[in-house]
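Protein chains in written order, with UniProt numbering: chain A, 1 to 137; chain B, 1 to 231.
If you're looking for bench data, these hints aren't it; they were derived computationally from the structure. As the structure is a prediction and not an experimental result, all values here were calculated from the model. Watch out, some of these pointers could steer you wrong.
Stated by the list, open to error - Taking beta-carbon pairs under 10 Å as the criterion, some of the chain B residues facing chain A (in silico): (1) P161; (2) V162; (3) Y213; (4) A226; (5) Y228.
To be verified - Which residues of chain A face chain B? A partial, calculated answer using Cβ under 7 Å: (6) C61; (7) I62; (8) Y93.
Unchecked claim - Cβ-Cβ distance ranges computed for the label pairs, FRET-style: (9) B/R34 <-> A/L43: 54 to 64 Å; (10) B/E95 <-> A/W100: 33 to 43 Å; (11) A/N80 <-> B/K52: 33 to 43 Å; (12) A/K91 <-> B/Y74: 25 to 35 Å; (13) B/P150 <-> A/L43: 31 to 41 Å; (14) A/I113 <-> B/P30: 50 to 60 Å.
Ideal Cβ positions, reconstructed from N, Cα and C, are used throughout, including at glycine.
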Amino acid sequence: MVRLTESLNYMRPQWGLNKRWRNRRHPFNPDLILPHPVERTPLRCRNKVIPRKSQEDDVVCIKEMLNLFACMKANELNENECPKELAAFQKCYSNYITEWTAKQKIQDPTEPIPGQTKLTSHQVNVMLKRYPQKIDI
Amino acid sequence: MTIYQSFNFINKLVTKSPVIYQVRWSVWPPMYVRPIPRRENQLKLINEEPDKFKELTFSPIIAAPNDHNASNFYDPFLRRFVNVVHRSGRKAEYEDMIREVMYLIKKKQLAEWRAADTPEKKAKFELDPLVLMKKAVANVKPVVITKYIPKGGVTYSVPFPVLDKTSEYIGMKWINRAAHDHPKPWRAIHVPALVREFIFAFNGEGKAIKQKYDLHKLAETNKAYAHYRWD
Chain A
1 MVRLTESLNY MRPQWGLNKR WRNRRHPFNP DLILPHPVER TPLRCRNKVI
51 PRKSQEDDVV CIKEMLNLFA CMKANELNEN ECPKELAAFQ KCYSNYITEW
101 TAKQKIQDPT EPIPGQTKLT SHQVNVMLKR YPQKIDI
Chain B
1 MTIYQSFNFI NKLVTKSPVI YQVRWSVWPP MYVRPIPRRE NQLKLINEEP
51 DKFKELTFSP IIAAPNDHNA SNFYDPFLRR FVNVVHRSGR KAEYEDMIRE
101 VMYLIKKKQL AEWRAADTPE KKAKFELDPL VLMKKAVANV KPVVITKYIP
151 KGGVTYSVPF PVLDKTSEYI GMKWINRAAH DHPKPWRAIH VPALVREFIF
201 AFNGEGKAIK QKYDLHKLAE TNKAYAHYRW D
């Protein structure tokens with residue numbers, strides 16, 4: 001036979017019960033209260049950054065293009081009249097394309113290149129993992 | 001034909017692609033090197049970059065493409081033009097057509113050259129058809145192109161810089177199209193029409209040159225939209 005009264009004797013876990021208000025008649029002990037989680041963390045930078053898109057402007061050679069247009073408009077849209085502007089414009093764009101293709105050929109984009117002045121967020125993370133900050137607070 | 005229709009094919013051109021060379025489905029292992037079939041390119045490599053040439057001497061090399069050739073009768077420029085002109089893969093047939101075009105150009109220029117009496121007039125004619133065709137395409141090549149970019153319910157034609165390879169393709173296409181612009185049985189007229197268009201483009205006139213002028217004008221008027229580029 002199943003004893004139904006036995007289950008009533010088990011201790012129920014006190015889920016959701018506020019510990020401060022357990023002793024309702026007494027004031028709570030302020031030493032037991034933990035600080036806010038933001039205040040618990042130490043005040044120093046972490047050893048990683050949040051990955052973001054590079055903020056490089058992809059729209060290139062605008063200045064050279066406008067120079068070329070200004071020259072062409074003066075000469076009835078004949079580009080043979082302004083070889084200097086045309087050469088500057090074409091050189092700018094071909095340089096951009098060669099740089100872009102060289103960037104695509106890199107096997108591991110997270111690996112920082114020696115002598116590089118500007119680092120991406122992934123490269124910064126790799127560097128911070130190798131050389132973590134030594135700050136004692 | 002409106003301006004939108006006439007420049008619409010430019011929008012489909014890819015200026016730069018993320019794929020540098022095919023790897024995943026390639027037959028060749030990665031250590032294989034790309035071939036240099038033309039003798040002039042080999043000599044260029046030997047003279048300018050001898051160290052690189054030394055590396056290539058004992059490295060395994062990918063087979064050259066089917067349509068490349070080291071012969072003296074092969075010209076890469078003509079091959080590119082045939083690739084533009086040909087229909088439904090009949091390249092050999094259209095190669096013969098281009099040969100006929102070259103023959104007729106030579107014939108026409110020679111006749112006019114002989115008819116000219118003074119040496120000043122004679123200097124204007126180019127008697128080598130290949131040189132003439134190259135100069136004609138160079139005259140038609142656009143400096144900038146426009147692409148149609150929809151933004152906020154409006155399509156803007158935005159000026160773009162263009163690579164040399166792409167602009168040559170556009171120039172060839174315009175010359176072919178100018179010759180093609182006839183009533184239906186165009187096959188009979190195509191050869192003399194191509195001859196005429198090449199000589200027109202060499203002298204800086206004709207339909208193909210006007211197409212370039214229209215495109216430059218469109219790009220110049222829309223130069224304020226140059227910032228809409230994503231490239």
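key: Status of the B/Y228 interface restraint (C-beta, 10 Å, chain A)   = holds (8 Å)
inquiry  = Just to be sure I understand the hint, the distance between the Cβ atoms of A/K91 and B/Y74 should be within 25 to 35 Å; is that true here?
reply    = Hint holds: Cβ distance 31 Å, inside 25 to 35 Å.
key: Verdict for B/P150, A/L43 (Cβ pair) under range 31 to 41 Å   = violated (49 Å)
task = With chain B as the partner, please determine if A/Y93 meets the hint condition of a C-beta pair closer than 7 Å.
result = holds (4 Å)
Given hint A/I62 near chain B, where the shortest CB pair must fall under 7 Å = holds (5 Å)
B/R34 versus A/L43 beta-carbon gap, inside 54 to 64 Å or not = holds (56 Å)
message = Between the beta carbons of B/E95 and A/W100, is the distance compatible with 33 to 43 Å?
response = holds (36 Å)
ask   = When the nearest CB of chain A is found for B/P161, is that gap smaller than 10 Å?
value = For B/P161, the interface hint holds, since the closest Cβ of chain A sits about 4 Å away, which is under 10 Å.
inquiry  = Between the beta carbons of A/I113 and B/P30, is the distance compatible with 50 to 60 Å?
reply    = violated (22 Å)
task = May I ask you to test the interface hint for B/V162 with respect to chain A, counting a Cβ-Cβ separation under 10 Å as satisfied?
result = Cβ of B/V162 sits 8 Å from chain A, so the hint holds.
message = Interface hint check: A/C61, Cβ to nearest Cβ on chain B, cutoff 7 Å. Holds or violated?
response = Cβ of A/C61 sits 6 Å from chain B, so the hint holds.
query = Quick one: are A/N80 and B/K52 within 33 to 43 Å, going by C-beta?
reply = For A/N80 and B/K52 the Cβ distance comes to about 36 Å; the hint holds.
In the structure shown, a violation is registered for the earlier hints numbered 13 and 14, in ascending order.
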